[in-house]
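**Student:** Single-letter residue listing:
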Amino acid sequence: MNPISHAAGVQPEQFSSAVVWLNWLVLLPMLAAGVAAAYPRFRVSAHWPAAACHLAVWVAVVSAVTAAALLAFTPDAAWPLTADYRWTGYLFQFRLRLDRFNSVLLLLLCWQFAILALGSRPDARAASQNGIARRHAREASATMLAFGCCTGALLAADLVAFLMFWMALALPVAALLVFAQPEGREAGRPIIVHLLLHALGSLAMLACFAFTWAQTGTTDPFAAGMSLLLRDVAALRWAAVLLVVGFGCTICASALLATRPAFLALCAVLMTTAAGLLMRYLHLLFWPYALEPIAVVVLWLCAIAACGFVGAGLALRTGHFALAMLVCAAACYVLFAVAGSAAAERGAHAALAYLLGLGVSLPLLAPAAGLLRFEARRPGREPGRGSALSRTLGLAAVFSLASAPGTPAFGGGLLLARSLARPQLAPLVVAMASVAGLLVCAFQMVHRVRWLPPSEIGWSDRTAVLTIAAVAAAGVLAWLWVPPIAHAAAHLKGVGGWR
Amino acid sequence: MSASIPTWVCGAGIIVTLFSSAAVVLGVPSRFLVWSAVGHCGLILTGVGLARSAAAPAGVEAALLYVVNLAIAQLLAWASWRLMRGSSKSPDFGPARGMGRRMPGVASAFTIGAAALAGLPPCAGFFARVMLFAAGFKAGGALGFGAVIACSIQSLAWLAVALYAASAVWLGAPPTRPVRPVSRSRLVGFALLAALTAVLGLIPGPAVQAGERLAYLLGARS
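So the sequence lines, in the order shown, correspond to chains A and B.
Going by my numbering, the first sequence runs without a break in its numbering and finishes at 499.
Going by my numbering, the second sequence runs without a break in its numbering and finishes at 1222.
If you are wondering where the hints come from, they were derived from the structure by calculation, not from laboratory data.
No experiment lies behind these values; they were computed from the predicted model shown.
Heads up, none of these hints are tricks.
Taking CB as the label site, the calculated pair distances span:
1. B:P1206 - A:W24: 24 to 34 angstroms
2. B:V1199 - A:V61: 20 to 30 angstroms
3. B:L1202 - A:V61: 16 to 26 angstroms
A short list of chain A residues far from chain B (calculated; beta carbon distances all over 12 angstroms):
4. W24
5. L28
6. A38
7. A64
8. L107
9. L108
10. S227
11. L230
12. R231
Cβ coordinates follow ideal geometry from the N, Cα and C atoms, glycine included.
So here's chain A without its partners, still in its complex pose:
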């Protein structure tokens, strides 16, 4: 069934055993979390406590089902898995759906949680102690609960069902933060600030969804997007603005977790999930003119790029300048690739060239940064003077990242510049470039704040990180406000008969 028939009121007909899969995918990690918390000393092997095994098993199951569904997709069967129940009478429905977009995001989530599961495996000797086993079981059960909530939020095809999973995610995250506190247990303030920002973001999202329901009478994002576009484009803009503000608050809340190294992995998972979800719901609301297959990839790359910039700011906060440069350069490349893919045939070639350049640069820069850090710690070494290998790798990476002649990115830049000559593509590409420019400005600002003396700046680091998120949100808003709406309206008028 395609989205148009669904928007016209045709109900999905896939009520088979596949429905059971979707519900179990969400519910079983939550049940397993309870089991893991109830039996903290149960162990599968000397190195693997039961809690970590539960998490790994469910991550593997969700990955397998998602990958199978992704392979089973055909152009005519957009939603092979759909679960749909009446929930609260006339107003809301509990609806889960696995489509092409959220299956990609779900796979990304599975990889992240798999890394968390591997990283959370305790030392075998320490894990045999009762207190550590219990603490690890509590952490693993909270992680599994968070995994279940994230899965539910990704699969939800109803705005209220999504909001329920997303707000419930705050509880296991808060539990994880409490468990990660040191023995003094005096640092409750970051948890409170995180939860309040999460609640603020949830309220903005709730306002968006209630506004959408009041305008359209449905909480299905596909149907709501279609109805809003046909009735009132301004309402669609406001819904998107509220959605961006809501997710922006959540990403800020996640960014605050990076004040402590123990929370960095959790922060990365939450930020990537939030950015992916934002793109998913924007895609659902704006689907009438984003049905091209490339749109899914473009939005996903945008989400990763946004996360990359926030991650760069965070890496700067902790003094990891090489990591910040790496992440920021990669995010810039992704943005250029997005701009290229939004252009015409030559632009697609440019995008490929940029991605090739990224593929060359990152394997060069990552070991160079690692070698420099390693050598800087060795006694008797002058800081900043690495071995010949690290210097060569670093120079080659910078050569490639700077799009110097002879590199793939140089050719990509030429092709992109030529494709910009097409006037009908100018607004979109200019909007994308403005986003990139805004983000680079924000990056520079954070760089200044981080490295100049405080007397010359007067801003705190936290303000800088929040500002980079706000500037990024402003860039996305600018992108939302101008070109897509104008393109959609022009397209609908051109097609005729819709207004």
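For this one, chain A is given, so just place chain B on it according to the hints.
**Tutor:** Here is chain B on its own, set in the frame of chain A:
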């Protein structure tokens, strides 16, 4: 132009909600549960007033869910808070500080009750807030948007104070004074109330249908 009685009711509900939000943040910390109850009453008035004055029947359903949530979650939070504070008359959270280690069952009951009052899922308060937002946007105008803003402020204010209370309970240093053990019957009662809170949030259909019938009776739904 004279406003109708439901409009006055809705306006009064908004004012009561905003006043209680200010009081719960600025007032005596130990009285936060009292102001939470007052805020819920304001939201109930707002929902009923919206349904009658602006033809937004979801307001009645929101009000009914708020009543149910207030009855159960407030009882759970208040009883557990009283047990943790003991006979202390201190105006701040001090007597309950660190009781999460000494009375984990009671502290968990308080946390669940506070989360339900804050409207976190899976609790009835979550759907009550969703429906009040839906009614507010459906009604539109000053009353509708005022209801949405008042509900948002009340949620955030209550959540902030409840989080400070919960952090004092769970993260504070454990008390040195002797603590009386909690009887098994009380713990069973707390567990039942907590389960009821979760069930009402996960299966809100009956309460919503009762709200629909109430909306018919009040004339808000035709």
